[in-house]
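**Student:** Using the hints, put the two chains back together into the complex; each one sits in its own frame.
Read off the chains here:
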Amino acid sequence: MTTATTIAPPIQPSRWKLLAGYLRRNKSLAIGLGIIFFLVLFTLHGFFAVDEARAYPLKAKPKQPPGILDFSSPEWPGKLPMGSDFFGRDMHAAMVKGMWQTALIGVIAGALGTFIGVVLGFTSAYFGGLFDTIVKGICQILTPIPVFMIQIIIAASLDKRDVTIFTMAGIVVMLAWMGPTLVIRSQVLSMKERQFVSVAKLSGVGNGGVIFGEILPNLLPFIAAAFVSQVFNGVFSSFYLAIVGLGPLREPLLGNIIWAAQSQGAFFNGWWWWPIWPASAMVLILSALALINMGLDELANPRIRRTE
Amino acid sequence: MKLRLILRRVAFLIMVVWAASTITFFIPRMSDRNPIRERFAELARTGGFSASDLEVIVASYNKKFGLDKPLWEQYVDYIGSVARLDLGVSLNRFPKTVMEIIYESLPWTIVLLFVSAILSFVIGNLLGAVAAWPKSPAWMRSVATPFIMFMGVPPVLLAIFLLFFLAFRLKLFPLGQAYSTGIAPDWSLSFVMNVAWHQVLPAVSMILGSVGGWVLSMRGMGVTIQGEDYVNFAEHKGLSGRTIFRDYYLRNALLPQVTGFALALGSLITSGAVVESLYALPGLGQKLSQAIQANDFLVIYGIVLFITMSVATLMVLVEFLYPLLDPRIKQD
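Which chain is which? The protein sequence lines are A and B, in order. Quick note on numbering: our numbering labels position 266 of the first sequence as 266, and the sequence is numbered without any gaps. Quick note on numbering: our numbering labels position 5 of the second sequence as 5, and the sequence is numbered without any gaps.
Excised from the complex, chain B in its bound form (with noise of 0.2 Å):
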């Protein structure tokens, strides 16, 4: 039974990935736009060859990469070369391969994103708990108030704000960058201090922005709770405000708010990728933008068909621990 429930979300995940290429497949082929004519056509007027090697240069790549053949046959080649996770390479850095500037620049990404994505889903639901309950002092409900009022706010918003207010104006921090300029990359402790205070900002700016929904959400989880004859049950019994809070509040809550964090994935990597670009942090964001700004189609499609991919193996990796945080979810 439970392998049946896997095969099915696993293959719920393919058809995602094969719908997500087939966007990124037949777009850009909707319009007139030749990445390589484009590519060479720059390189023509920057003078390297002359236009009329142009053409010849175009067709030869066109055969390449195969951009000759029929469509159908370019679609089936395309799918098979996804699902080997070959993306193609980098027309403005040509030799490299589109994974291996995704290789080179995830780093960056995962440890923001992992650090930010966490703290924010346990500060915003530990605020939200203690908002909700009504044994909590005054001053620690209030504190949830002031990330509230930033939930229509971006984070990419903040991070200019940030930017502006703590490097800026205060020189507390970095004007952003991976790691100060003139020194060198390794794993010294100095240089890993450096490029954690460099995360610093970005880091924030992500919390600020994604606080404020997990505390609103997990408040309204806690009132409801509140009603519940179980907890009614607890109190009368005798048990503990603390035991209560943990097993009774937060246990319950738990799960929606889970459901809810593989619903956010896809606008914090989003949210993500521009904060990066801002701070100009070498990840994917940043690897993206340059590549917007330099038409090097195949990074676009590449890197934008890995971010899909990602979100969508992540949500539903968290649909399996569904069974590990609700043991009711076994039996069916």
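Extracted from the complex, chain A is given alone in its bound form (with noise of 0.2 Å):
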């Protein structure tokens, strides 16, 4: 009866743990968060193995199959691990400068998207009015335009020598806003109309203070997962435009050397690694932006929260 119970004070486990313990559970975010580890590992390998001058054309001897696969060659993987293609690029050099290339139009593409998309749709749900009714019936009518039949025109028009990384970021951006836009508008609408922002209207709370400290803190979820989903429709735009030949000819873009490999035949003259290493990389982003995606919807939306 002497024995006292002492009862341990909760343990409250570690950020760490809790984050661990969140992505086991969430798993879509953990593997496409895992490939994209992967993806950096190999991209920042690459800045200390590869020659990135070697990822343009003339730098090595061309139409030469992968090293990678030939494990009689004394000097495995050899010099080429990812092989050459016709034009005498490295394609293992073209890999880590294209797969750089790519991801940067993406998060160009999706932080501006976003962005305007945040100021516009923010401004139009709250303060409403013409500016509201102008701004929704942008959208409304151009929803129906598929999206990629203007970026051909915008990148036809412009000079092909013109045509950099950043001007095919600037075509993904110039119609990419349209649907963040649409997204935190209606969450905006719905917002201004809870309890939280009339108490705080109520108590004296300016406009400012009503935007930054109750209505966009909440909204927060929202922009991350349309962050995400706006770098991946870039990434998947500038591909669509670089693989019908209206991307930087002369850059490693993944889309790119697709196109490149197409034009040239490459299945036809037996040249298979030419198309199939861009085509895996973009698999890859592609895959892990939609599996983040998914993730980060799930953090967004508690109600299809998993619990353990």
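There may be inaccurate statements among the hints.
Computed footprint of chain A on chain B; a stretch qualifies when at least three of its residues, placed anywhere within it, have a C-beta under 8 Å from a C-beta of chain A [stated by the list, open to error]: (1) 133 to 141; (2) 292 to 300.
Label pairs and their computed distance ranges (CB to CB) [claimed, not checked]: (3) A:Thr-143 / B:Leu-325: 17 to 27 Å; (4) B:Leu-166 / A:Leu-33: 28 to 38 Å; (5) A:Leu-130 / B:Glu-235: 45 to 55 Å.
So, partial list: chain A residues that the calculated Cβ filter (under 10 Å) puts toward chain B [unchecked claim]: (6) Gly-34; (7) Ala-156; (8) Leu-158; (9) Lys-160; (10) Phe-236; (11) Ser-280; (12) Met-282; (13) Asn-293; (14) Met-294.
Bear in mind the hints are in silico, worked out from the structure with no lab data behind them. Note that the structure is a prediction, hence the values are computed from the model and not measured. Note that the Cβ used here is the ideal one computed from N, Cα and C, for glycine as well.
**Tutor:** Below is the structure:
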């Protein structure tokens, strides 16, 4: 009877442990982040292992099969681990450079598109009136028009020598703000009628305080999800533009390499590795972004959030 | 009342077409590229006439196409010709008009898109419904999972991998083209079979790329419907599983799915165009990428405008189907 039962204080698990636990439950987020991590490692290793100048034509012996498959070679994996293309690009260097260029276009387009979308969606939903009508009207009329078609018009009107990866990002941004605008607009419309906003307004908080102190923090998961899906769209659209031959033709963008391989009849001539490397990289990038997007959806929408 | 709805949708359609043609009119004119000059400069370089003739030719063509008129007059002319479906002439294959080029490639595109869109819609919705239905056997439910994994992968990339594994490695399918080289197109059975054989891989890559989306949305819809009172009621009434599946699940989920179909049309046609050019099928997509490579501007703008108008028209047509699918809509 004398033994005092001491109750141990509840141990709060560390931040990292919580994160790891959450990632174990949210599988798609974990796998998506894992793939991105792998791609970042590949790029980082490439910065040290390859000379990026070799990603351009006439830098390697052309049409060599990937050395990574040639186990019999004494200096395995050899000088051209991923082979080289018809124009004499070292495919390994081209992959390293093309991958970060492709990702850069996506991130620039995603960040700018999301920013414009948040600003437009916010102002049109929060203040309403004529501005809201105009923004909504433009989005409605442009929705049935396939974005890719307008991007083709813009890209085709540019001089091909002027096209860089930054103009590519610019072309994508011009039409990428509609999605986030509509998402943020509908969220703000529902949120500004909630009680906590009314309470804040009645207690004398100004417009700025309501927007930045009350609504914006609650929108962050949606903004994050919109950003990831805009990066996906940016990578996707610039890839499609490049694959029909509207990319910056000199750069080793993943879409450009596939376009070049296709127009030289790579499969007909047996140079299978030429389109397969960029296509595999593209699959990894796009599915990682799609998985992260699904995972963030789960984070933003507690109704489908899984519990342990 | 119904007439007013139709008129409103048609007015919306006209607005969309007007917006699209305004964009295709103004964007090219904002850049300083002159398609006619570039085309003839190219010809002059390859040797056909001297450079001094170039300005004369460009001036006469500018006059012929009305490019010397003030901008607003050109704009009015342009909108008028778009309304008459006159999209100009090809600079590369000169006497041919853009509409002729579109007409000769349109059948290929329509067949590929029609077959793959319908098949992926039907397969995806059935798989999704089966996956959501609690009474379906476990193996049937797991069939849907691999398709969902393909969702983030665009059809073009699937096309490259199908080409590599099935056509290049296993040699089961041709590596592209619409039909084998060396045979003349006619309507004989062997030729039609040859064409169909060449269409398998493009269609499969389109279907694989879009089935996952239908599976996912249909499954979500099915899960929502499960909790509804009318489904409980039907079960307690003793209706057979088949009746509930067909008349309660599929019927109720159909309308939102058809709406989704209308919204997906744009990306479907876009992917179709790129897949076509990858497989070297003589459809709109290949004509578009050929025009891009040849700097044949009027063909680029014409095909883009044509695709845009078709997508917008199809979307409005699908909306007219709603009253047929859901009798409740008729009353409003």
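**Student:** Just tell me: holds or violated, for the beta carbon distance of B:Leu-166 and A:Leu-33 against 28 to 38 Å?
**Tutor:** Check passed, 32 Å falls within 28 to 38 Å.
**Student:** Would the hint on A:Ser-280 stand, with a C-beta cut-off of 10 Å toward chain B?
**Tutor:** holds, 8 Å
**Student:** Given that the stretch 292 to 300 of chain B was listed as covered by chain A, double-check it with a C-beta distance under 8 Å for 3 or more residues.
**Tutor:** holds (count 4)
**Student:** Range first: 17 to 27 Å. Now tell me if the beta carbons of A:Thr-143 and B:Leu-325 are that far apart.
**Tutor:** Holds: the Cβ-Cβ distance is about 21 Å, inside 17 to 27 Å.
**Student:** Would the hint on A:Met-282 stand, with a C-beta cut-off of 10 Å toward chain B?
**Tutor:** holds, 6 Å
**Student:** Next item in the hint list is A:Lys-160. Is there a CB on chain B closer than 10 Å to its CB?
**Tutor:** holds, 9 Å
**Student:** Counting residues of the stretch 133 to 141 of chain B that have a beta-carbon nearer than 8 Å to any beta-carbon of chain A, does the count reach 3?
**Tutor:** It is violated, with 0 qualifying residues against the three required.
**Student:** Should the interface hint for A:Leu-158 be scored as holding, given a Cβ-Cβ cut-off of 10 Å against chain B?
**Tutor:** holds, 6 Å
**Student:** Looking only at beta-carbon atoms, does the pair A:Leu-130, B:Glu-235 fall within the given range of 45 to 55 Å?
**Tutor:** Distance hint for A:Leu-130, B:Glu-235 holds at roughly 52 Å.
**Student:** Tell me if the interface restraint on A:Met-294 is satisfied: Cβ within less than 10 Å of some Cβ in chain B.
**Tutor:** Check passed: Cβ of A:Met-294 comes within 9 Å of chain B, closer than 10 Å.
**Student:** A:Asn-293 was flagged as interface toward chain B. Is the shortest Cβ-Cβ separation under 10 Å?
**Tutor:** holds, 8 Å
**Student:** Closer than 10 Å between Cβ atoms is the bar; does A:Phe-236 clear it against chain B? Give me holds or violated.
**Tutor:** Since chain B brings a Cβ to about 7 Å from A:Phe-236, closer than 10 Å, the hint holds.
The structure fails to meet hints 1 and 6 from the earlier list, while all remaining hints are met.
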